[in-house]
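Protein chains: 2
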Amino acid sequence: MEILSTAQADFEPRFQALLDDARETTARVDGAVSAIIGEVRAEGDAALLRLTSRFDGWAPEGVAALRVTPQQIDAAVASIEPGLMQALDTAATRIEAFHRAQLPADIDLPGTDGVALGMRWNALDAVGLYVPGGKAAYPSSVLMNALPARVAGVERVAMVVPTPGGALNPLVLAAAKRAGVAEIWRVGGAQAVAALAWGTESIAPVDRIVGPGNAYVAEAKRQVFGRVGIDSIAGPSEVLVLADARNDPAHVAMDLLAQAEHDEAAQSILITDDAAFAEAVIREVEKALTTLPRRAIAGESWARHGAVILVRDWDEACALANRLAPEHLQIMLDDPRAVFGKIRHAGAAFLGRHTPEAIGDYVAGPNHVLPTGRSSRFSSGLSVFDFLKRTTWVQAEPHGLRAIGPAAVLLAEAEGLGAHGASVQIRLDEMQLRR
Amino acid sequence: MEILSTAQADFEPRFQALLDDARETTARVDGAVSAIIGEVRAEGDAALLRLTSRFDGWAPEGVAALRVTPQQIDAAVASIEPGLMQALDTAATRIEAFHRAQLPADIDLPGTDGVALGMRWNALDAVGLYVPGGKAAYPSSVLMNALPARVAGVERVAMVVPTPGGALNPLVLAAAKRAGVAEIWRVGGAQAVAALAWGTESIAPVDRIVGPGNAYVAEAKRQVFGRVGIDSIAGPSEVLVLADARNDPAHVAMDLLAQAEHDEAAQSILITDDAAFAEAVIREVEKALTTLPRRAIAGESWARHGAVILVRDWDEACALANRLAPEHLQIMLDDPRAVFGKIRHAGAAFLGRHTPEAIGDYVAGPNHVLPTGRSSRFSSGLSVFDFLKRTTWVQAEPHGLRAIGPAAVLLAEAEGLGAHGASVQIRLDEMQLRR
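Chains as they are written, first to last, in this note's numbering: chain A, 1 to 435; chain B, 1001 to 1435.
Keep in mind that the hints were calculated from the coordinates and are not lab data.
Incorrect hints may have been included.
Pairs of lysine to any residue, SDA-like flavour, derived with a Cα cap of 20 Å [claimed, not checked]:
(1) B:Lys1342 / A:Gly153
(2) A:Lys342 / B:Asp1125
(3) B:Lys1177 / B:Pro1070
(4) A:Lys342 / B:Glu1155
(5) B:Lys1342 / A:Arg67
(6) A:Lys287 / B:Ile1426
(7) A:Lys342 / B:Ile1107
(8) A:Lys177 / A:Arg120
(9) A:Lys177 / A:Val77
(10) A:Lys177 / B:Ala1414
(11) B:Lys1342 / A:Asn122
(12) B:Lys1342 / B:Asp1315
(13) A:Lys342 / A:Cys318
(14) B:Lys1342 / B:Arg1312
(15) B:Lys1177 / B:Val1077
(16) A:Lys177 / B:Glu1415
(17) B:Lys1342 / B:Arg1120
(18) B:Lys1342 / A:Glu155
(19) A:Lys177 / A:Arg67
(20) B:Lys1287 / A:Gln425
(21) B:Lys1342 / B:Cys1318
(22) B:Lys1342 / A:Arg120
(23) B:Lys1342 / A:Ala123
(24) B:Lys1177 / A:Glu415
(25) A:Lys177 / A:Glu81
(26) A:Lys342 / B:Arg1156
(27) A:Lys342 / B:Arg1120
(28) A:Lys287 / B:Gln1425
(29) A:Lys177 / A:Thr90
(30) A:Lys342 / B:Asp1106
(31) A:Lys342 / B:Asn1122
(32) B:Lys1177 / B:Ala1097
(33) A:Lys342 / B:Trp1121
(34) A:Lys287 / B:Asp1429
(35) A:Lys177 / A:Ala78
(36) B:Lys1342 / A:Ile107
(37) B:Lys1287 / B:Thr1006
(38) A:Lys342 / B:Ala1123
(39) A:Lys342 / B:Ala1105
(40) B:Lys1177 / B:Arg1156
The task is simple: from the sequences and hints, build the whole structure.
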């Protein structure tokens, strides 16, 4: 953990080092992945069966066994305690409502000059949702990825999830059921991505693949990009907390650790204007690290990537926040909206002293799939926009073409594109003749 | 050129072959490109000077010579005939108006339960615009790439354009001036992309790079993706024309050729319900191919990738159009909107008999940078959305956290994330104590 102060002479190089801290070391798996994709393309279902036996430690008896049955889904739901099912439903209801508010309107400009213009949004036909197996199988991620697709109007959402040792994860199945996902395949890894992109005898291809995964899954998504769309490939998680001394240091410490417990490569940063408060937070972090269940992971993240930055005022803090462009930003100040107004780059913001980032991970409503590694400078969290695309349109009446056609002809000729110009000019000539 | 009919027994495999037609053969240039990027990262401006001498055939006298001066821009504008400047202005004015109509509204949900939610759009800080040099230097592309960024509110648009042999392209500079782009660098290729992504002593880095380029530029964009955002990498252009026998075959033929003249790999397809009309269009294409300035290119595109498909009705045509998911779609029918209502996948549509696609390339208003190669199934044309990103936000009051916090705690515990749950629970416990 590093302690910096903007008052120090060496602040700028130290802050720059923090910005340049490449927390991810990606394994090179491109060769292995392209071999797997090749097998699935060549052999379809047979390759899926063989690769599932090899990598997931169970041997499906034929292709039918790869599809999760409605009975298996119902049994999963029945096995979950009602309070937890209720929590899942609260989360889903709020996520749906927020994403419905994102749905954009079409544009329809009649035009006063004989040229009507517009833009229409359409949902994608089919989306594939990758859900990791094992310890990182998060029901909240199923909701966050599937619900925006459903709200956007995607007709077919096909989920793939590895079932290591053949074990189904009941909470993941329950989340899928609540999200309206009925097509679930027990395949994972690069082979699942290949099946979604290229299709097999059993699995129809999709148009876009979303959802988190390990290095093999990320590389497979990279390799099938172009044939299908993909979401951005997430790096380790981050939080930046702006907090003054009026906060409870224990609250701030736990907010920092909630991020750190995700992954040793996660990063938690506190910016404050009070040195004594900074010290109090650091002590609370150390205290909590003696008791937390995931203290080994959280402790390593805090030690390696954590930072506390002392600033002279909140304008200085905003300038640093914009350079960090964090995935998650907590603003724990008296007037959080005033400071938020000066923030240009952040994936998601959590305003005030009673809004720990964790409520955004589960139940607040906005998506928890967010841009990492400073990419909120140019990209955004998952949303209904990921499952919609636009078609623009133009409809010219004869007098409209007469009005704007000559400019098109001039520009086409200046660019040396004769048929472009001619396709407009022959129509203009004919109108001239008819007059 | 192929002629298909849905009435033929072998239609399905032949149509599938058309869908699978990979028109692009990308050269492998990744090694050369990563070497160039490495040089620019290590040496900055010095590498730009050396690489410009090597690849562009002129030797800039120092870094200052790489920046186009206001005097050079004004001289370029003065050299262009007024009619053409007027056409450029007509185009720019209409493009601006259409893209302004795209600007989305923020979301601000006060919430009735003590949890306010919202989403805010912000423009990117800085965007790089790649403009190809030489014969493919299109002023219309400068407008189509730069104006949406300006309309979105991007403060800094930095343009890079190679000047082979040292020659500036006056129309490109005039288009840049009209689009409000004042920062223009005379560099191109992978070195220009590297400079925009990583920055040099003279060129500040940007957040996203857009604009077309050759194989080196496309590969450089792929390699810097992640550090900065990039636009999608365009393949060869396509048009699909749906036309009945009430059209003039010469109009349809010229619309097909306007696409074919772009590139030998371009693809023009006609779908019609009238065999005699199809033959008339084919004859008109052959006739026009004897006179067009770019007949060699257009002829090769038509011969290799062109197709005419006979259908029994327009529903059948719509189904095929959705499978083709064309970049450009012309619907030359009496009621084009009824048929357009059945189209789910197309980059841009041109409705009616008086709307040749070429007016969309220049002056209609919607963007001409569009998804190719069937990718309109999952992606969209360039727009203000490419230059904006979203930050979601949540602000919970104490009673709001009391309402939704317990569900977050349950879900966090079910996922084994103890600090997530604790960050909510310690606040709930404290409120309990205070009551």
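Okay, the hints, checked on the actual structure:
{"no.": "1", "hint": "B:Lys1342 / A:Gly153", "result": "holds (16 Å)"}
{"no.": "2", "hint": "A:Lys342 / B:Asp1125", "result": "holds (13 Å)"}
{"no.": "3", "hint": "B:Lys1177 / B:Pro1070", "result": "holds (9 Å)"}
{"no.": "4", "hint": "A:Lys342 / B:Glu1155", "result": "holds (16 Å)"}
{"no.": "5", "hint": "B:Lys1342 / A:Arg67", "result": "violated (32 Å)"}
{"no.": "6", "hint": "A:Lys287 / B:Ile1426", "result": "holds (14 Å)"}
{"no.": "7", "hint": "A:Lys342 / B:Ile1107", "result": "holds (18 Å)"}
{"no.": "8", "hint": "A:Lys177 / A:Arg120", "result": "violated (30 Å)"}
{"no.": "9", "hint": "A:Lys177 / A:Val77", "result": "holds (8 Å)"}
{"no.": "10", "hint": "A:Lys177 / B:Ala1414", "result": "holds (17 Å)"}
{"no.": "11", "hint": "B:Lys1342 / A:Asn122", "result": "holds (11 Å)"}
{"no.": "12", "hint": "B:Lys1342 / B:Asp1315", "result": "holds (8 Å)"}
{"no.": "13", "hint": "A:Lys342 / A:Cys318", "result": "holds (6 Å)"}
{"no.": "14", "hint": "B:Lys1342 / B:Arg1312", "result": "holds (16 Å)"}
{"no.": "15", "hint": "B:Lys1177 / B:Val1077", "result": "holds (8 Å)"}
{"no.": "16", "hint": "A:Lys177 / B:Glu1415", "result": "holds (18 Å)"}
{"no.": "17", "hint": "B:Lys1342 / B:Arg1120", "result": "violated (33 Å)"}
{"no.": "18", "hint": "B:Lys1342 / A:Glu155", "result": "holds (16 Å)"}
{"no.": "19", "hint": "A:Lys177 / A:Arg67", "result": "holds (14 Å)"}
{"no.": "20", "hint": "B:Lys1287 / A:Gln425", "result": "holds (17 Å)"}
{"no.": "21", "hint": "B:Lys1342 / B:Cys1318", "result": "holds (6 Å)"}
{"no.": "22", "hint": "B:Lys1342 / A:Arg120", "result": "holds (12 Å)"}
{"no.": "23", "hint": "B:Lys1342 / A:Ala123", "result": "holds (13 Å)"}
{"no.": "24", "hint": "B:Lys1177 / A:Glu415", "result": "holds (18 Å)"}
{"no.": "25", "hint": "A:Lys177 / A:Glu81", "result": "holds (15 Å)"}
{"no.": "26", "hint": "A:Lys342 / B:Arg1156", "result": "holds (18 Å)"}
{"no.": "27", "hint": "A:Lys342 / B:Arg1120", "result": "holds (12 Å)"}
{"no.": "28", "hint": "A:Lys287 / B:Gln1425", "result": "holds (17 Å)"}
{"no.": "29", "hint": "A:Lys177 / A:Thr90", "result": "holds (14 Å)"}
{"no.": "30", "hint": "A:Lys342 / B:Asp1106", "result": "holds (16 Å)"}
{"no.": "31", "hint": "A:Lys342 / B:Asn1122", "result": "holds (11 Å)"}
{"no.": "32", "hint": "B:Lys1177 / B:Ala1097", "result": "holds (18 Å)"}
{"no.": "33", "hint": "A:Lys342 / B:Trp1121", "result": "holds (13 Å)"}
{"no.": "34", "hint": "A:Lys287 / B:Asp1429", "result": "holds (18 Å)"}
{"no.": "35", "hint": "A:Lys177 / A:Ala78", "result": "holds (12 Å)"}
{"no.": "36", "hint": "B:Lys1342 / A:Ile107", "result": "holds (18 Å)"}
{"no.": "37", "hint": "B:Lys1287 / B:Thr1006", "result": "violated (27 Å)"}
{"no.": "38", "hint": "A:Lys342 / B:Ala1123", "result": "holds (13 Å)"}
{"no.": "39", "hint": "A:Lys342 / B:Ala1105", "result": "holds (18 Å)"}
{"no.": "40", "hint": "B:Lys1177 / B:Arg1156", "result": "holds (14 Å)"}
When the structure is compared with the earlier hints, violations turn up for hints 5, 8, 17 and 37 and for no others.
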